[in-house]
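In case you want the letters, here they are:
2 protein chains.
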Amino acid sequence: MQDRTYTADAEPGDHVTVSGWIHEIRDLGGIAFLILRDSTGKIQIKFEKDEMDDDLVETGLGAARESVVSVSGSVEEEPRAPTGVEVVPEEVEIVSAADPELPLDPSGKVDADLSTRLDNRTLDLRKDDVQAIFEIRAEIMRAVRERFREFRCTEINTPKIVATGTEGGTELFPITYFGEEAFMNQSPQLFKQLIAGSNVERVFEIGPIFRAEEHNTPRHLNEATSIDFEGAFCDESDAMDVAEGIVKAAYEAVERNCGEELEALGLADEFAVPEGEFPRLSYEEAIERINATGELDEQLVWGDDLPTEGEKALGADVGGHYFITDWPSEIKPFYIQDHDHDEQLSTGFDLMHPRMELVSGGQREHRHEKLIDGFEQQGLDPNEFEYYTKMFKYGMPPHAGFGLGGERLVMTTLGLENIREAVLFPRDRQRLSP
Amino acid sequence: MQDRTYTADAEPGDHVTVSGWIHEIRDLGGIAFLILRDSTGKIQIKFEKDEMDDDLVETGLGAARESVVSVSGSVEEEPRAPTGVEVVPEEVEIVSAADPELPLDPSGKVDADLSTRLDNRTLDLRKDDVQAIFEIRAEIMRAVRERFREFRCTEINTPKIVATGTEGGTELFPITYFGEEAFMNQSPQLFKQLIAGSNVERVFEIGPIFRAEEHNTPRHLNEATSIDFEGAFCDESDAMDVAEGIVKAAYEAVERNCGEELEALGLADEFAVPEGEFPRLSYEEAIERINATGELDEQLVWGDDLPTEGEKALGADVGGHYFITDWPSEIKPFYIQDHDHDEQLSTGFDLMHPRMELVSGGQREHRHEKLIDGFEQQGLDPNEFEYYTKMFKYGMPPHAGFGLGGERLVMTTLGLENIREAVLFPRDRQRLSP
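These protein sequence lines map, in sequence, to chains A and B. Using the numbering used here, you'd call the opening residue of the first sequence number 5 and step up by one each time. Using the numbering used here, you'd call the opening residue of the second sequence number 5 and step up by one each time.
The reader is advised that the hints may include incorrect statements.
No copy labels: a pair is met if it fits in one copy or bridges any two.
Subject to a maximum C-alpha distance of 27 Å in a straight line, what follows is the list of computed DSS-like cross-link-like pairs (lysine-lysine) [stated by the list, open to error]:
1) 394 - 113
2) 374 - 394
3) 397 - 131
4) 46 - 397
5) 374 - 252
6) 50 - 252
Hint data in this document are derived by calculation from the structure and do not stem from the laboratory. Keep in mind it's a predicted model, so treat the numbers as computed, not measured.
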């Protein structure tokens, strides 16, 4: 690597070359400070005009904010400097000059709306708090992978170009594939089941999913990151255990490893790992409790899907993460198994954050005949899914799994207002670029 | 989790329930053995017909191969059993009966062609050697991520639906995005550069890329996994160091953690981590050495791209991984920087395995004016890429990076013949399903 010291590693007595962006220049007359920023933090560069070479001073103080500079010099202790040290420069190089008219202020002093921020992500990501979100996102994904491996899962990758959607032809983006019609996959569901039926048994995948939903809300994306699990010889209760473990792994890792980032986000004091087991409410209990809150204009009846307002009312009532189990079969997809004791009730479950749904899962239908029946009951042609259904004739074990919204996990963990804040380059109905 | 013991964990004296597939039934008359297989291995179940309940014997020996069974009983030492232990069953449950006519033999005794294997991946993945490939693939990706973090990189995810391709309109799959034309991204190139220009500085991504190339060879896929790196304040030599570190991390992890899998693939004796530094040959040296091998009908001249036969001849000559550096500028894309001392020479490099190219990288053009020139020289309209180019006006640091083919890494590490063996569900011109 090039001869460069990160600002966070500069110690008094060192002779260093630090490289980064001009965060700010404070000119006090005879003395001036250039604040240089890199990925690890900021450092003060001191210019004593009368004692330094004119060229050096002119170069150092003449460049526009956000220009990239390399400064070589000695590090000295300076209690009044923000980090307790400063660099006395011997050489300053303007590596990449910035236009003085910035479309967005990375110092964060001038607010920008989300759209301007997304149009200028490079500049936006020079802000400590925005950088912190994506450092935390990476740490969450690392911790999630590690926890899945503790659950004896193997990471897989399934195709994103597919001949048929998971749940039929709705809400799919069509693609032209060498003259054939194909789609971008809305879920790895069918593929992960095919692998759970093999010797690999337990799998997870973290990858993109694509949904052509016309929703335009602060919690929907048209391209999102799905965190998927599927395990042979698991039932829905096992899958709930795994889902709970994965969500907790995210919080635990952030608490353990992201202190500086939480600080940058102003969350250092309030951040907390969810305590205790997530309660498991049946769908029936859930609608009763929602009705009891009196928040809805109309009472829910058995068979209704839960409206957003209902989820929020229940979330406020429960006050933490919780599961909703035993959903009516008819509002869950064909691949979810029904309970043996009551075919009106499915093994499907959702894991809810008080603000929104995070996870949807269940035990899967592994019996070939019942699976074919399920397709037909939902108006789908089983022949179109033969590549999937035929494997159920050759010893498909009972299995269960779930899909967890990656951006929703980041968003709820950090209390972000809009899911777009948890994606570098979000895709929605209005936004296709950058 | 359900009350279940993995076969590999069954110890003499234990009372267990093992669950898995019927791998084989050996009926020797008065005594018969059922070999049960799960993700961790195989275990022998002993049926002594005269001493056991008829129902138990009939159930255990009556089901077809690949049926899923659960067997409860006691584990006993038995030196003649393949794993040194066997289970004396007290209860046998047929969990999921298999059709006796299998489209593919998971015991591996009957060979199947690749197409049949891919059509029946669930059964194919019940073979030890095939399972081993995907366990190793997962371990390689884990090790690669870990090494990137040691290089101070942050994992990112960039969009797969894009308004413009990285290198213009060729070889892109078109998609209809809410009535607008869009494409599936062929590389995270432009997006990772936009993030390298922010405080995040060093990034990696492991994700799908999509290329509508008409190639149909044993080393091309139309949907592949790209392992991408981009680092601010790095030059091409730094990027080569990272690429070499990542490839070695893959080999080291396989050697350290995948002994059983290498055994299943018959590679336990021959597998070796590449030794020493990968040599760095200039493009000029490379064509000279290829010409000297006499393997090509026509001599290469400066400016030619290297034909596959040339790569193979040079690979055999070098005998291990190597870099090719200093490529002619005109055969490298617009975002690769040229050398200051000779604008005909680029900073682009390839990392080669003796069998094929693995990595393509270089220092990037970070100077706004030169970047715009580069677009124009390659016949691309810079206005279409304004979301990208405009960020180069606001302090874009020098940066370098690379893209590494994930499947090619797995394929060359394990000496697989066909890249499709390294993907669960490959996509090529003929294959869109499963």
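**Study point:** Unsatisfied constraints (hint numbers, rising)
**Key:** 5, 6
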